[in-house]
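Please arrange chain W on chain R, whose structure you already have, making use of the hints.
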Amino acid sequence: MAYGETPSQTVGPYFAYGLTAGQYGYDFTDIADTTIAGPDAEGEHIRITGRVLDGNGDVVNDAMIEIWQADANGAYTENPVDVASSGFRGLGRCGTGTDAQNRFYFDTVKPGVVADGTAPFVNVIVFMRGMLVHAFTRFYFDDEAALNAKDDILQSVPADRRDTLIAKRVETRTGVQYRIDIHMQGDAETVFFDV
Amino acid sequence: MSTFKPRDWGSHAPYIAPGYKSTILRGPTQAPLAIKSGLSEGTGPRFAPASVRKLDFDLTKNGITNGEPLGERIVVHGKVMDTDGRPQPDILVEVWQANAAGRYVHKVDQHDAPLDPNFRGSGRCMTDANGNYVFYTIKPGAYPWGNHFNAWRPNHIHLSLFGPGFATRLVTQMYFPGDPLLELDPIFLETQDASARERLISKFSIEKTEEGFALGYQFDIVLRGRNATPMED
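Residue numbers (the numbering used here), protein chains in the order written: chain R, 18 to 212; chain W, 2 to 234.
FYI, nobody ran anything at the bench for these hints, they're computed from the structure. A few of these clues could be false.
Claimed, not checked - Just a sample of chain W residues kept apart from chain R, beta carbon distances all over 12 Å, derived:
1) V53
2) G68
3) E73
4) R74
5) N131
6) N151
7) P178
8) L182
9) S206
To be verified - Residues from chain R shown here face chain W by an in silico Cβ test under 8 Å; the list is partial:
10) E22
11) Y31
12) F32
13) H151
14) S173
15) D211
Claimed, not checked - Computed footprint of chain W on chain R; a stretch qualifies when at least three of its residues, placed anywhere within it, have a C-beta under 8 Å from a C-beta of chain W:
16) 44-53
17) 137-150
18) 180-187
Ideal Cβ placement from N, Cα and C applies to all residues, glycine included.
Chain R on its own, in the form it takes in the complex (with noise of 0.2 Å):
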C-alpha cells in the first residue's frame, strides 16, 4: 500500500526555542548548533558564515540554516552526536536572529572529497518563516576551481548561476572564513536543488 507525504509546512518565526534554543538563551538543549568541529577535529579549521536576502535585498533575521557535511577525510560521519571520539559532528544548525548582523556561521573543518568527479562541499537547507518548504543548496569553495571544474552536479547549473554556490575563501585575524549569502530571489538567485 502507497502512502502520501505529509506536506511540509513553514518553520515560522518561533521555532527559536524549540529548534536553536542554546544560541538564543532559551533553557532547553540543542540537537546541533553552529559548531560542527570541535577544535580536536582533524582537518583545516574555517568559518563558514553569509546572509540570507529577501526578495527586497533585504537581510533575514529569522531564517534557520541546517548543514550536513563530510569529514576533511570525504566521509559521512556515523553517529554525528557523539562528538567526543573525533569532534566532528557533522550537522549544524543557525538561526539568523543572533548575530548583530544577521549572519549565519559555522565553524567547521573545510570537507574532503566525499566522491571521485565531486569536489569539496557542505549541504544546505535553508528555512525561514514565508517558506511553506524548506529549499535546499549547496556550499562550494573558490580555491577548488580545479575540482569544481569536474563537480557533475555544479557543472550540470547554468553557468552564470554556478557563482551563487560558491563560497568565498577570506583570511581573517581570527582565521579562514568562507563567505557566501544566500539570495532568495532576484538577479544573484542562489540556486536550489531538488534532491
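Frame of chain R; chain W shown alone:
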C-alpha cells in the same frame, strides 16, 4: 545508505503562495534544479536515545517552575513511516508550540496573551523500533498573526524530523480535527491537494485518551520512500 524517491510536489505547497504574504519575497522564484540523490543526500544525522533526556517528551513537566501548566493536557501518539508504509525506527522528533493561551515564549512574540511560567513549549522524542513516538503536552491556543484582517492561526504543533537521510528532512505542523480556523488559514490551504491537507490533521482517539488525565490524539507522519534499487557507488 539509500537513495530516495523524488519529492512528491503534489503533496507540498508551492514556494510562492500569495495567500501567505511572506512567501512573496521569500520563496525562490526559479524551479529547483533536479539532481540525482547520492551519498550526501542519502546519509543524515542518526540520533541515539542519549539525544533525548528523561523529561524531553513531556512538555507538561519539562518547563515547570512553580506549578502545573495551564490548559488541556493531551498525549500525542504517532507512527513515522515512509511512502511504502515501512516504519521508521530511531527517528528524532522535535516539537515546539504556543501555550494554551496562544502565546509563544519567543521574545519576538508580542501577542497580548499571557505567558505560562510553567510551560516552555518545546520538547523532543524518538521513534521506537516500530516507528512509534509519543509526547505529552498542552493543547496550543489559536493566535493572531497579521497576514490579513482577522487572521488567526489554527491550533497547531510544529514537528521536525530528519528521517533516514538528509533528503528526507521534514518540518510540518500537526492540526486538530474540527478546528473552524483551518478552512480560513492560508498556511494550511496553500497545500493545494485536499487529501494531502487531511494528512496534516490529527485524529482524536478515545483509545489513546488516558482516564482522568489527558485527551489522546493520533498523528502519523509519512516521509519520502526509498528507491527500490540501492545506489551503486
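Looking at L182 (chain W) again, its CB stays over 12 Å from all of chain R?
holds, 15 Å
Would you check whether E22 (chain R) satisfies its interface hint, that is, whether its CB is within less than 8 Å of any CB in chain W?
holds, 4 Å
Was the hint right that H151 (chain R) lines chain W, CB cutoff 8 Å?
At about 6 Å, which falls below the 8 Å cut-off, the nearest Cβ of chain W leaves the hint on H151 (chain R) intact, so it holds.
Next item in the hint list is S173 (chain R). Is there a CB on chain W closer than 8 Å to its CB?
holds, 7 Å
Decide, holds or violated, for the assertion that all CB atoms of chain R are farther than 12 Å from the CB of V53 (chain W).
violated, 9 Å
Looking at R74 (chain W) again, its CB stays over 12 Å from all of chain R?
Holds: least Cβ distance 19 Å, greater than 12 Å.
For G68 (chain W), which was marked as not at the interface, is the minimum beta-carbon distance to chain R over 12 Å?
holds, 17 Å
Count the residues of the region 44-53 of chain R whose CB lies closer than 8 Å to any CB of chain W, then report whether that count reaches three.
As far as the region 44-53 of chain R goes, the hint holds, because 5 residues have Cβ atoms under 8 Å from chain W.
Distal placement of N131 (chain W) relative to chain R, Cβ over 12 Å
Holds, because the least Cβ-Cβ distance between N131 (chain W) and chain R comes to about 16 Å, which exceeds 12 Å.
Is S206 (chain W) truly not at the interface, in the sense that its beta carbon sits beyond 12 Å from all beta carbons of chain R?
holds, 18 Å
Reported absence of N151 (chain W) from the contact zone with chain R (all CB gaps over 12 Å)
holds, 19 Å
12 Å cut-off, C-beta based - P178 (chain W) kept clear of every residue in chain R
holds, 16 Å
Hints 1, 18 from the list above are not met by this structure, while the remaining hints are.
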